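Asker: Chain by chain, the residues:
Number of protein chains: 2
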Amino acid sequence: MTIQTVSQNKSHGGMQGVYKHASRETRTDMTFSVFVPPHGKDAKLPVVFYLSGLTCTHANVTEKGEYRRACSELGLVFVAPDTSPRGADVPGDPKNAYDFGLGAGFYVDATEPPFAKNYRMWSYVTDELPKLVAEHFPVDPSRQSVLGHSMGGHGALTVALRNRDRYRAASAFAPIVAPSQVPWGIKALGGYLGDEKQAWRKHDTVALIEDGARFPEFLVDYGDADQFLNEQLRPELLKTACEKANIPLTLRRQSGYDHSYYFISTFMGDHLHWHATRLKS
Amino acid sequence: MTIQTVSQNKSHGGMQGVYKHASRETRTDMTFSVFVPPHGKDAKLPVVFYLSGLTCTHANVTEKGEYRRACSELGLVFVAPDTSPRGADVPGDPKNAYDFGLGAGFYVDATEPPFAKNYRMWSYVTDELPKLVAEHFPVDPSRQSVLGHSMGGHGALTVALRNRDRYRAASAFAPIVAPSQVPWGIKALGGYLGDEKQAWRKHDTVALIEDGARFPEFLVDYGDADQFLNEQLRPELLKTACEKANIPLTLRRQSGYDHSYYFISTFMGDHLHWHATRLKS
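In order, the protein sequence lines correspond to chains A and B. The opening residue of the first sequence carries number 992 in the working numbering; numbering runs sequentially from there. The opening residue of the second sequence carries number 992 in the working numbering; numbering runs sequentially from there.
These aren't lab readings, by the way, just hints derived from the structure by calculation. Keep in mind that this is a model prediction, so the values were computed, not measured. Treat the hints loosely; a few may be bogus.
List of simulated lysine to aspartate or glutamate pairs, DMTMM-like, C-alpha gap at most 25 Å [unchecked claim]:
#, chain 1, residue 1, chain 2, residue 2
1, A, K1086, A, E1187
2, B, K1055, A, E1064
3, A, K1001, B, E1054
4, A, K1055, B, D1084
5, B, K1001, A, D1261
6, A, K1032, A, D1131
7, A, K1271, A, E1064
8, B, K1108, B, E1201
Selected chain B positions facing chain A (Cβ under 7 Å, derived; list incomplete) [unchecked claim]:
#, residue
9, S1002
10, D1249
11, Y1253
Sample of chain A residues facing chain B (criterion: CB under 10 Å; computed from the structure) [unchecked claim]:
#, residue
12, M1006
13, R1077
14, A1079
15, F1219
16, N1221
Note that beta-carbon positions come from the ideal geometry of N, C-alpha and C, so glycine has one too.
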């Protein structure tokens, strides 16, 4: 698998790159960013995959996430994929809404036409991209973790729960935890997976836990000034599910913070330290 | 003087705001950002003014500068103005070039028509904006400093040299140090100030020092992979001028870094610590 370098900029002692490749899964070109911290020759570093939220590309967290300083201190590679396939031939939301289609892949493999052909973000982020990264960057595939924001927090938690042996840590900023029960999720899972709600459960963190999926522990931050908190995010549903399943959950309500990267960047360092501890143990 | 709040987002324990006001100097609305770190009631904090480079608005450094963590730790207010007046009635570059007119005010008060009416960025950043900030935010006007990038580094150094008593520290990332001698500066100073080169000298750091202006010390970082280094920035001219004038200059060549915010954000913390030491002494 070949990749094309879009840009490289030295930063915080490491190299922030943006790369493009022809994806087997999405049948489109996909762009992603990778930060490689300073490291010794022949080093194989732990790698954190960051899944972004609605409307984002790789660029939002790359520009505004403030992760490079911590990654350089901790020796972590940081990978940020796009949130959907893109291109003139890729179908989007019929009304060009922000919460479905382009920029809103929801980290599922769609089964419904016309989305099934390109919208394969589950396989992309869990299989194709990790292999591509392992092939081209100095990472240790046995030490990977995942975090995400909002729709990407949903992605991170579901990816971890269904791949317990492949991710050593998982955390989220303001995640959607029960897409089957909230408007964003109902629209997206219905559109990509069809009306049969049983098929949605493996893409719903709370449902996965109810159905027996487990992960060693989670760290979740949300802001109490988040405009999406009560309708779309509903962290209390995750709290209840984790309590019933005895999954240790560090759930932090951050006073005065909203849904933006001003919130994410504030706690990014905390999350990366938390990941590093688990990636290096 | 009244200001209008465009947005406020809690970040790193403080408040990142964007504000708008009708400027007396530019006769346009001007937008600027202010970060206020966590502070006690009735506190009056030191304030750092950041002057941006060509093509930028307040938004570039606000989103990509990674200054909030250090400002919160150090108790610094951080103010970022726009780089020119803007609006349908504001004249720009006749060919819409990026290096003159809109986004390229060069921190001068223009004397040439049609720019003299609106392009008054010198008076805006040295007088109107500091007063506005002192009126609306918890700052101590006796403890202010200035830093900037590229065109804004030029702004920071000239502002400091001509107002030695008002700024306690001045530093720059990849500044233009001798605009009278480089293409960007020759175009801008000629366009705003006319062909008489004597009038340019008070907006040229190297010329100001040659003409006797002094400042206690400067910190300047530049990247040796900066594409503008040899033609537009020419830090060696600043080094020579400071040596002749016995101005202590900490001039750091940063290996592998370019002209972007990936460079700036790497060394922003260093600069803010340097400013804080001098603002609090």
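Asker: All hints are to be evaluated individually against the structure, with a verdict given for each.
Answerer: Structure-based check of each hint:
1. For the hint linking K1086 of chain A to E1187 of chain A, the alpha-carbon distance of about 23 Å falls within 25 Å, and the restraint holds.
2. A C-alpha spacing of about 19 Å is found between K1055 of chain B and E1064 of chain A, which places the hinted pair at or below 25 Å, so the restraint holds.
3. Using a Cα cut-off of 25 Å, the hinted pair K1001 of chain A and E1054 of chain B holds, with the two alpha carbons roughly 18 Å apart.
4. Annotation: proposed proximity of K1055 of chain A to D1084 of chain B is violated, straight-line Cα distance about 31 Å (limit 25 Å).
5. The straight-line distance between the Cα atoms of K1001 of chain B and D1261 of chain A is roughly 17 Å, inside the 25 Å bound, and the hint therefore holds.
6. Only pairs whose Cα atoms come within 25 Å are accepted, and K1032 of chain A paired with D1131 of chain A is accepted, the gap being roughly 14 Å.
7. At most 25 Å may separate the alpha-carbon atoms for a hinted pair to count; K1271 of chain A and E1064 of chain A meet this at roughly 13 Å.
8. Taking the CA atoms of K1108 of chain B and E1201 of chain B, the gap is near 30 Å; set against the 25 Å cutoff, the hint is violated.
9. Given the 7 Å rule on beta carbons, the hint for S1002 of chain B holds: about 4 Å separates it from the nearest Cβ of chain A.
10. A distance limit of 7 Å between C-beta atoms decides the matter here; for D1249 of chain B the minimum to chain A is near 6 Å, and the interface restraint holds.
11. Evaluation of the Y1253 of chain B hint against chain A yields a held restraint, the C-beta minimum of about 4 Å falling below 7 Å.
12. For the restraint placing M1006 of chain A at the interface with chain B, the shortest Cβ-Cβ distance is roughly 9 Å, inside the 10 Å limit, so the hint holds.
13. A hinted interface residue such as R1077 of chain A counts as satisfied when its beta carbon comes closer than 10 Å to some beta carbon of chain B; here the least separation is about 22 Å, so the hint is violated.
14. Interface restraint check for A1079 of chain A: the shortest CB-CB distance to chain B comes to about 28 Å, outside 10 Å, so the restraint is violated.
15. Given hint, F1219 of chain A at the interface with chain B, is violated; its Cβ is 15 Å from that chain's nearest Cβ, farther than 10 Å.
16. With its C-beta approaching chain B no nearer than about 18 Å, N1221 of chain A sits outside the 10 Å limit, and its interface hint is violated.
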